[in-house]
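Keeping the supplied structure of chain A fixed, place chain B upon it in accordance with the hints.
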Amino acid sequence: KNEVEQSPQNLTAQEGEFITINCSYSVGISALHWLQQHPGGGIVSLFMLSSGKKKHGRLIATINIQEKHSSLHITASHPRDSAVYICAVEGGTSYGKLTFGQGTILTVHP
Amino acid sequence: EADIYQTPRYLVIGTGKKITLECSQTMGHDKMYWYQQDPGMELHLIHYSYGVNSTEKGDLSSESTVSRIRTEHFPLTLESARPSHTSQYLCASSGTGGMDEQFFGPGTRLTVL
Chain A
103 KNEVEQSPQN LTAQEGEFIT INCSYSVGIS ALHWLQQHPG GGIVSLFMLS
153 SGKKKHGRLI ATINIQEKHS SLHITASHPR DSAVYICAVE GGTSYGKLTF
203 GQGTILTVHP
Chain B
331 EADIYQTPRY LVIGTGKKIT LECSQTMGHD KMYWYQQDPG MELHLIHYSY
381 GVNSTEKGDL SSESTVSRIR TEHFPLTLES ARPSHTSQYL CASSGTGGMD
431 EQFFGPGTRL TVL
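Protein sequences appear in the order of chains A and B.
Heads up, the final residue of the first sequence is numbered 212 in our numbering, and it's a clean run with no missing numbers.
Heads up, the final residue of the second sequence is numbered 443 in our numbering, and it's a clean run with no missing numbers.
This is chain A alone, in the form it adopts within the complex:
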């Protein structure tokens, strides 16, 4: 079993739909990262969080440390949101070393 599990692996939505991607992890962490990877391969950091909730535009990330679970929500989805969304965890003493989930492929149709 991987240390970081994401679900679903593939997600198709219609423009405007509310989207949720889930991430569960099995180790103690100091932080959890949500990343976005576009087809060209470039990766952008969306959020880094260790507790509670963060919001940036239409994106919201939450984490429940006790349940070892995080969610990434996209409100009013748009075709330009189509990408691979990756959850990664940073261990307690790892200082930047990330362990990655397998990614969720999101496709938003107009």
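The hints are simulated quantities; they were obtained by calculation from the structure and are not laboratory data.
One should not assume that every hint holds.
Stated by the list, open to error - Here are the computed lysine-lysine pairs in the DSSO-like style, where the Cα-Cα straight-line distance is at most 30 Å: (1) A:K157 x A:K170; (2) A:K170 x A:K155; (3) B:K348 x A:K199; (4) A:K199 x A:K155; (5) B:K387 x B:K348; (6) A:K156 x A:K199; (7) A:K199 x B:K387; (8) A:K156 x A:K170; (9) A:K170 x B:K387.
What the hints assert, rightly or not - A few chain A residues that don't get close to chain B, going by computed Cβ distances all over 12 Å: (10) T122; (11) N124; (12) G144; (13) S173; (14) T201.
Don't be surprised by glycine CBs; every beta carbon is placed ideally from N, CA and C.
Leaving out everything else, chain B in the frame of chain A:
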């Protein structure tokens, strides 16, 4: 916008050649990383550095080597490329704090024939 650069972006090379993938950042970050990603697969850490003259191997075994002689520069070298080294290589950096956002370069897509 992240100021982290990788060259070349694409490289096709024959078996046995020595190659160096370049990574530079202008943000003054102490921590730098190399990740390997096969198509459709998750990223794996292969090397990291916490500062000048500091390099460590990551979680995924790799035949590549790295050096960190200057803060801004973290090149990766393969002494003798093989087809099994075909992959995408991503460089990243983060700041000096205990928990910092990572900034990723655009990646180098390596094909070894």
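Status of each hint after checking the structure:
1. A:K157 x A:K170: Distance of about 20 Å is within 30 Å: holds.
2. A:K170 x A:K155: holds, 14 Å
3. B:K348 x A:K199: The given pair, whose Cα atoms are some 27 Å apart, holds under the 30 Å limit.
4. A:K199 x A:K155: holds, 22 Å
5. B:K387 x B:K348: It holds: about 20 Å lies between the C-alpha atoms, which stays within 30 Å.
6. A:K156 x A:K199: Status holds; Cα separation ~22 Å.
7. A:K199 x B:K387: OK: A:K199 and B:K387 at ~11 Å, within 30 Å.
8. A:K156 x A:K170: holds, 17 Å
9. A:K170 x B:K387: Given that 30 Å is the threshold and the Cα spacing comes to 27 Å, the pair holds.
10. T122: Non-interface label stands for A:T122: nearest chain B Cβ at 20 Å, farther than 12 Å.
11. N124: holds, 16 Å
12. G144: Non-interface label fails for A:G144: nearest chain B Cβ at 5 Å, not farther than 12 Å.
13. S173: Fine: 19 Å to the nearest Cβ keeps A:S173 off the interface.
14. T201: It is violated; A:T201 is separated from chain B by about 7 Å at its closest Cβ, not greater than 12 Å.
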